[in-house]
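Work out the full structure, taking the sequences as your base and the hints as a guide.
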Amino acid sequence: MAIPGLALLLAFHYLPLLGNLIAFQEYLPFVPFGRSAWVGLDNFSVIFNGDAEFLNALKNTLLITLVQVIFVFPAPIALALLLNSLLSERIKRVVQSVLYLPHFLSWVIVIAIFQQILGGSGLINNTLRARGIDTIDFLGNPDSFIALLTSQVIWKDSGWGTILFLAALTQIDQGLYEAARVDGASRLRQLWHITVPGIRGLIILLLILRLGDSLTVGFEQIILQQNLVGRPASEVLDTYVYNNGVLAGQWGVSAAVGLVKGLFGVALVIGANKVAHIFGEAGVYQKA
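Going by full-length UniProt numbering, the first residue of the sequence shown is number 1, and it counts up by one from there.
Derived from the structure by calculation, the hints contain no laboratory data.
Hints may contain errors.
[As the list claims (entries may be wrong)] Simulated DEER-style distance windows between Cβ atoms:
1) L18 x L101: 35 to 41 Å
2) P32 x D134: 55 to 61 Å
3) D183 x G120: 27 to 33 Å
4) V266 x L21: 16 to 22 Å
[What the hints assert, rightly or not] Pairs of lysine to any residue residues, derived as SDA-like cross-links and limited to a Cα-Cα distance of at most 20 Å, are as follows:
5) K261 x L99
6) K59 x G262
7) K274 x L207
8) K59 x F71
9) K261 x Q68
10) K274 x L205
11) K261 x F54
Glycine included, C-beta positions come from ideal geometry on N, C-alpha and C.
And the structure:
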């Protein structure tokens, strides 16, 4: 039963790793694979020499990552805690189903919904225009672009992200809550001393995995809105690879940037996991 899944993993995740050879070649698509001229580390010059376009993409990526770790990562945790506090199981199931739905929408549909609400001819601006009030450029304002991205991610994926946390909350011994209530503990103290420690291991595990994927900040979401806000404010490493590799034909440079991004992600996972071991947590893998 595991063979189809393993085959997909091998075909789409491990075999493509061979393509990293392009990072050390002057790659030409019409030349058989592996036969392009070798150029050593020349393709990495945009990284080592501080290319302005690359540095801008790196800056935007790190800033978006920081904002999303602060605001997006805790959102499913808070939502799971709120859902878990509902006494009626029927209401809880209905609310969960409603919150899950946006996850199954593609980014094309999600952005179309935001355009219908926040766009120049959207619901809010049409209402302002009808009342004689100046319209607001929600979607094309570079200063608010990161806030827009963050709100879209929270709306789309927070409900789906609650699944693991709700499952972890059900594993906490209810006797602990009963004992805490007998001792006079408030709901806030029960949350802090029982609930949060009960899901702490899962939180640390998912945070480590999130750090490993930290330089991937939503290629499809951003590329669909890049024309509205402009590349200086929206260019991230993934769109840099696409714009310079697929569109501009700089295949080797784009492969080099992608390779460094992947290695940096691996280093973050290993480093964060070692920190987790120092604090007595299991992390992604057990300490040898």
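Here is what the structure says about each hint:
The given range of 35 to 41 Å is respected by L18 and L101, whose C-beta atoms sit roughly 39 Å from each other. With their beta carbons about 59 Å apart, P32 and D134 fall inside the hinted range of 55 to 61 Å. A hinted range of 27 to 33 Å for the beta carbons of D183 and G120 is inconsistent with their spacing of about 58 Å. A beta carbon spacing of about 18 Å between V266 and L21 agrees with the range 16 to 22 Å that was offered as a hint.
With a CA separation close to 32 Å, the supplied pair K261 and L99 exceeds the 20 Å bound. Annotation: proposed proximity of K59 to G262 holds, straight-line Cα distance about 17 Å (limit 20 Å). Distance check on the hinted pair: K274 and L207 sit about 13 Å apart at the alpha-carbon level, within 20 Å; holds. Between K59 and F71 the alpha-carbon distance is near 18 Å, which keeps this suggested pair within the 20 Å criterion.
Taking the CA atoms of K261 and Q68, the gap is near 18 Å; set against the 20 Å cutoff, the hint holds. With a C-alpha separation of about 12 Å, the suggested pair K274 and L205 falls inside the 20 Å cut-off, and the hint holds. Straight-line distance between C-alpha atoms of K261 and F54 comes to about 12 Å, which keeps the hinted pair within the 20 Å bound.
Hint check: violations occur at hints 3 and 5; the rest are consistent with the structure.
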